[in-house]
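Undergrad: From first to last, the protein sequence lines stand for chains A and B.
Everything in the first sequence is counted per numbering that gives the first Met the number 0, starting at 0 for the first residue and increasing by one.
Everything in the second sequence is counted per numbering that gives the first Met the number 0, starting at 0 for the first residue and increasing by one.
No lab work stands behind these hints, which were simulated from the structure alone.
Be aware that one or more of the hints could be misleading.
Here are a few chain A residues that face chain B, going by a calculated C-beta distance under 10 Å [to be verified]:
| no. | residue |
| --- | --- |
| 1 | K74 |
| 2 | S94 |
| 3 | N99 |
| 4 | G132 |
| 5 | S134 |
| 6 | G170 |
Computed from a predicted model, the values in this text were never measured in an experiment.
By construction, the Cβ of each residue, glycine as well, lies at the ideal position given by its N, Cα and C atoms.
Each chain, written out:
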Amino acid sequence: MKKSKLFEVHDRATPRLLLVAILLCASLAPGLALACSCASPSLENKYEGSENVFTALITGGEATSERVGNSPKLKTHFEVSETFKGTIPFEHFSSHADGNSCGISLQVGVEYLVFAPDSGKIGLCSGIVAVSGESEQAAAAGSKYVDALRAFKSGENDSLAEPWQFFEQQGICMLSGRFPYGDMRWPASIRVTYWTRVPDAVVPNPDKPHLKAGFTEMSISVPGRDDLTDYPLMLTVGDQNYTAQWTEVEYSRARYFVDSDDVSNLIAGLVDASELRMKSAHPKYGDVDATASLVNSGDSVARMRECIATHIVE
Amino acid sequence: MLGMQSVSSVNTLKRHVFLSFALCGLAIVSAQFAWADCECQPGSVEQSIRMADRIFRGEVVSASIASDDSQTIEFVVKVDDAIRGNTERRYQLTTALPDSCGVSVRLGFHDMYALGPDETSVSSCTGSGRSSYMKFPLLATAIALVDLPVSDTRGAQRLLSEQFYSSYDRATVDEFFELVDRIDPTGNTATSTDDRIEYRGIAVLFTDGKYEKVETL
């Protein structure tokens, strides 16, 4: 193609393309979400709620002539790798391939951590996660759940705390954790982001003019508390206290941010602590009192600190 | 009561919107991971598409890891849409495991496959499977366009008029024609100016950076 002004057009179009992508996502995904909306239970809840918990390699299967909508019902064969709970009294998984109706088709040649009833019926809401496959980072995230189950089964840990995750890609180091909050279907979450470089697509960002390489931000999101405004959240790690300022309510979640200067000390404190406590006393709408367990955080916290140290921006 | 229902539905909507963004984020991140971990030679997908004598969409109806080497997946695809060449009703194909650039084999999924002469082995670097769609969302349309006879400008106009929408911006259409250039076996190339792109007897017109219409020249 003769590129008379093509590249110039591309540069100018990038922010618009991003906007289009976001709008497209926003317009398409609610349909998906409405069609199949799963709760997001914790690892402990998934373990307690499943008769069988194991890792298995998907070895093949068949699409049957029975259909759910336009999608076939599936018989999926597997080989068990490691059992954490149950006797696995079924020879194949039963499912269907229509994701809009909460069906699932597991990828042949990939190993999964499976939560299944004795019937062998599985779906998109079963909480199944890949622990191998084409995506190394996704598999690494899945493997954290297997590590947590192993530590629980061996008695090394006495609880099935949600594992913390670490990601490094596209200019960021990210540490994230989630923890149950009351009886909410969606967990509360903590995310620490260190920007090793600010992607071109994000700059200029009028909502985050402070964003620059070397900046650390920590956000805490508490579900179902759109009544909490203006009151800070007090964080306690070991014997250190930090203040997270309330910033906004977004999608029914109260959001808090910790000052960048405090975050590195806070991360260092996570190494030896067993929990991160969050408290807020709201005079009208009641307290927030939540605890994020750090039992399964060790490797991820260490890698986050290493990532920041490697990419330190003076 | 009515007020409570309204608040509840607003909160439900908010949760769905939040979930939507979460899903989108997950999909985008997953797509990036999937593509990032399998490193293909630059241009390998486009070259394979140029060379392919059979391209089709089909549903995976059975699959198994080969018992002899445990490194290959054998699977059967039922063809439901022939895109290029004389295709059979079913194909028995093989691919490598997912961590070796094999295509994603999921029972009941409909994907596109491109086969060269006498070829029955496919990979995500040769235009088959879901990763090609992720990288080139308009790949099937680009193939259909280059496969039309050069003289069939009406057919090309009809094809693109059905595919393009007024919401398409210039960059999207530019990317489409860059792909077309790379897979066109005849060596025809598109030419671009501020408000139009011309290709094999048709012109795609733009107004204010948005797609407007396709005309024959």
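Undergrad: Work down the list of hints and note, for each, if the structure agrees.
TA: Verification of the hints:
{"no.": "1", "hint": "K74", "result": "8 Å, holds"}
{"no.": "2", "hint": "S94", "result": "9 Å, holds"}
{"no.": "3", "hint": "N99", "result": "12 Å, violated"}
{"no.": "4", "hint": "G132", "result": "5 Å, holds"}
{"no.": "5", "hint": "S134", "result": "4 Å, holds"}
{"no.": "6", "hint": "G170", "result": "13 Å, violated"}
Comparing the model with each earlier hint shows violations of hints 3, 6; every other hint is respected.
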